[in-house]
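Knowing the structure of chain A, use the given hints to seat chain B on it.
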Amino acid sequence: MKRYIITTGTVTYAIKGRDLLRQKGFNVKIERITSGKGSAGCGYSIILTGELNDAEKILRAAGVKILEINEK
Amino acid sequence: MIYLDNAATTGKKPANVIKAVDAALREYSANPGRSGHTASLKTAAAVYAAREKAAELFGASGPENVVFTLNCTHSINCVIKGVLKKNDHVVTSSLEHNSVMRPLVKTGVPFDIARVSLTDDRLTLSEFERKIRPETRLVICTGASNVLGKMLPVAQIGALCRSRGVLFALDAAQIAGVVPVNMREMNIDYLCIAPHKGLYAPMGLGVLICEKPIENTLTEGGTGTNSIEMVQPDSLPERLESGTVNVPAIIGLSAGIDYVNRLTLDRIYSHELGLCAYLYRELSKIERVKLYTPEPAAGAYAPVLSFNVYGKNSAELAQYLSDSGIAVRGGLHCAPAAHRQIGTLGEGTVRVSVAAFNTLQEIKMLVNAVKRA
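These protein sequences, in sequence, are chains A and B.
Residues in the first sequence are numbered consecutively from 1, following the numbering used here.
Residues in the second sequence are numbered consecutively from 1001, following the numbering used here.
Think of the hints as simulated: they come from the structure by calculation, not from any bench.
Just so you know, even glycine gets a beta-carbon here, dropped at the ideal spot from N, CA and C.
It cannot be assumed that every hint is accurate.
Said to hold, decoys possible - Think about it this way: if two alpha-carbon atoms lie no more than 25 Å apart in a straight line, the pair counts; the simulated DSS-like pairs of lysine-lysine are: (1) A:72 <-> A:24; (2) A:65 <-> B:1212; (3) B:1042 <-> A:65; (4) B:1086 <-> B:1106; (5) A:72 <-> A:29; (6) B:1042 <-> A:29; (7) B:1212 <-> A:57; (8) A:24 <-> A:57; (9) A:24 <-> B:1042.
Said to hold, decoys possible - Reference listing, derived: stretches of chain A covered by chain B, where coverage requires no fewer than 3 residues with Cβ under 8 Å from a Cβ of chain B: (10) 1 to 12; (11) 26 to 33.
Next comes chain A alone, as it looks inside the complex:
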């Protein structure tokens, strides 16, 4: 199963996104950014294991700001 790093930047959006996706049954957790946009500047990302498209739609519909998405 594929894993994705959804970079939200702030811990607030990371928690909001994690909670939303967990409620919908997604396998997610929060990590501090280690690579990609903002990696040198601090921030948070949601690590998603599973289907990206639906997860991304849910996050964007809820107003979660996404800086970038990368495959892990």
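Only chain B this time, still in chain A's reference frame:
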């Protein structure tokens, strides 16, 4: 001590708030939103839970709109100094606390004052309507006077602002946790809250809920995000939350909201206003007592009441009551505007403000003490 100075801060905190603050200091001592370790994320989750509860209680569109500030005055400053520009115009009310008046004066932005009727909300609303100009950018007013308890017709003022394309900021220091405040339904763009009052949180914390952007920040600094950039992030709440937030107070607020939700706003308001109305009726029987409002009625007044005893200075009377074991506040209550309206700028008033934990017996003891004054 009979504590009746709850408009300044609720003097007794519920057991679940005390327990939560104790737990916060023991178990949530890592800095939220700064690190990636488990302890930091655990604290961040607790802070986020408080945002969620506040957003739900006040009808905000999302927890990310809930900003933690130093206090309600700080929240109000963030709005006034963050939104207004030189050529704007502001409308405020005649009952404002200095937390609104002083920052307004400091900005130099012209403002007009809408006189609040103590008896007829239609007159108040038409005053706001008359004062709004084409260049008016912001209406900012209190939800209830911290001197007189008079509540402003917030929903109607919000609807007026929406229809005229004007931003609406509410100072909810005296009504949050006492009566329903719903940003969505009342068209409130910025809600400023003193959590240590009606929400029974510790002091040293404010809440600002923003449904509209704040362009200029009062404070800049570390937010735990995008550190390489030398400008504040755009995203709320971090844009307005530089530096470490007051985690123990935030976790206390979370428990305070639980306490209010458990009691329900209806029961809290009914109990507190009932005590105030009883006090009003008993004081009105004492010939030497002067009251300044009609009897506090549901929907029109918050549980705050001002009075004087003829021939006594308000500070002297407050001191006498303190010596009798009753905590009230004399003077101008940082709100000279309200005192100007009722003609007590010179002597001030004695203010009684009630919370959920006060009892009828305590009010009776206050009445007896006033009779002896």
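Structure-based check of all given hints:
Annotation: proposed proximity of residue 72 of chain A to residue 24 of chain A holds, straight-line Cα distance about 22 Å (limit 25 Å). With a C-alpha separation of about 16 Å, the suggested pairing of residue 65 of chain A with residue 1212 of chain B holds against the 25 Å cut-off. For the suggested pair residue 1042 of chain B and residue 65 of chain A, the alpha carbons sit about 22 Å apart, so the restraint of at most 25 Å is met. At most 25 Å may separate the alpha-carbon atoms for a hinted pair to count; residue 1086 of chain B and residue 1106 of chain B meet this at roughly 12 Å.
Restraint check: the Cα-Cα separation between residue 72 of chain A and residue 29 of chain A comes to about 13 Å, which is no more than 25 Å; the hinted pair holds. The suggested pairing of residue 1042 of chain B with residue 29 of chain A holds, with an alpha-carbon distance near 12 Å, which does not exceed 25 Å. Simply put, residue 1212 of chain B and residue 57 of chain A have alpha-carbon atoms about 24 Å apart, close enough for the 25 Å limit, and the pair holds. A C-alpha spacing of about 12 Å is found between residue 24 of chain A and residue 57 of chain A, which places the hinted pair at or below 25 Å, so the restraint holds.
With a CA separation close to 21 Å, the supplied pair residue 24 of chain A and residue 1042 of chain B stays within the 25 Å bound. Counting residues of the segment 1 to 12 of chain A whose beta carbon lies closer than 8 Å to any beta carbon of chain B gives 4, which meets the minimum of three for the stated coverage. Beta-carbon proximity to chain B at under 8 Å applies to 3 residues in the segment 26 to 33 of chain A; the threshold of 3 is reached and the given coverage holds.
The structure meets every hint from the earlier list without exception.
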